[in-house]
Amino acid sequence: MRVFVSFDFDNDRVLKDFILGQAKKEDSPFEVIDHSLKEAAPERDWEMKARAAIARSDLVLVMVGAKTYRAHGVLKEVAMAREAGVKIVQIIGYRDGDYTPVPNAGRLYAWNWPNLKKLLS
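The sequence shown stops at residue 102 when you use my numbering, and every number in between is there.
Note that these hints are calculated values from the structure, not bench results.
Treat the numbers as computed from the prediction; the structure is a model and nothing was measured.
Each hint should be verified, as a subset may be incorrect.
[To be verified] Straight-line distance between alpha carbons at most 25 Å, and here's what the computed DSS-like set of lysine-lysine pairs gives: (1) Lys6 - Lys30; (2) Lys68 - Lys57; (3) Lys30 - Lys68; (4) Lys6 - Lys99; (5) Lys30 - Lys48; (6) Lys5 - Lys68; (7) Lys68 - Lys48; (8) Lys68 - Lys99; (9) Lys6 - Lys98; (10) Lys98 - Lys30; (11) Lys99 - Lys30; (12) Lys57 - Lys30.
[What the hints assert, rightly or not] Cβ pair distances, simulated, as ranges: (13) Arg25 - Tyr75: 18 to 26 Å; (14) Lys48 - Glu7: 15 to 23 Å; (15) Arg25 - Asn93: 15 to 23 Å; (16) Asp26 - Ala91: 29 to 37 Å; (17) Gly87 - Arg(-17): 25 to 33 Å; (18) Lys30 - Lys5: 21 to 29 Å; (19) Ala36 - Asp77: 19 to 27 Å; (20) Lys99 - Arg37: 33 to 41 Å.
Glycine residues also receive a C-beta, built at the ideal position from the N, C-alpha and C atoms.
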């Protein structure tokens, strides 16, 4: 499965690393191919690269932190996924806290093995 990991670049970069690390574990029931952007890019370049990467993906995985629901880049990536007809899934990135789902990105799931198996396999 080709997965584009969407996250709040300014606040939650560590979440992308966590999900990629989890996917590499021997007992992981899924494989994540990272199509997300590696660095902040100029606005025009970023949008073009993100749109192309999302179009090549089977799923957009939104890693949700405290401010993700209003992160400009995440909102744009969700809109791009909707336009491309790519499935979107949201996972709460941290154990503690009260998290607001990203608008138009579907149901918000807890980050646990049963959910990951169901959503990413």
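Hint check results:
1. Lys6 - Lys30: violated (28 Å)
2. Lys68 - Lys57: holds (15 Å)
3. Lys30 - Lys68: It holds: about 18 Å lies between the C-alpha atoms, which stays within 25 Å.
4. Lys6 - Lys99: Holds, at about 17 Å.
5. Lys30 - Lys48: Roughly 23 Å separates the two Cα atoms, so the pair holds.
6. Lys5 - Lys68: holds (22 Å)
7. Lys68 - Lys48: holds (22 Å)
8. Lys68 - Lys99: Measuring from Cα to Cα gives roughly 14 Å; hence the hint holds.
9. Lys6 - Lys98: holds (13 Å)
10. Lys98 - Lys30: The given pair, whose Cα atoms are some 28 Å apart, is violated under the 25 Å limit.
11. Lys99 - Lys30: Violated, at about 28 Å.
12. Lys57 - Lys30: holds (12 Å)
13. Arg25 - Tyr75: 18 to 26 Å: The hinted range 18 to 26 Å is violated for Arg25 and Tyr75, with Cβ atoms some 32 Å apart.
14. Lys48 - Glu7: 15 to 23 Å: violated (34 Å)
15. Arg25 - Asn93: 15 to 23 Å: The hinted range 15 to 23 Å is violated for Arg25 and Asn93, with Cβ atoms some 38 Å apart.
16. Asp26 - Ala91: 29 to 37 Å: For Ala91 against Asp26, whose Cβ atoms are near 35 Å apart, the range 29 to 37 Å holds.
17. Gly87 - Arg(-17): 25 to 33 Å: Check failed, 18 Å falls outside 25 to 33 Å.
18. Lys30 - Lys5: 21 to 29 Å: Holds: the Cβ-Cβ distance is about 24 Å, inside 21 to 29 Å.
19. Ala36 - Asp77: 19 to 27 Å: violated (35 Å)
20. Lys99 - Arg37: 33 to 41 Å: violated (23 Å)
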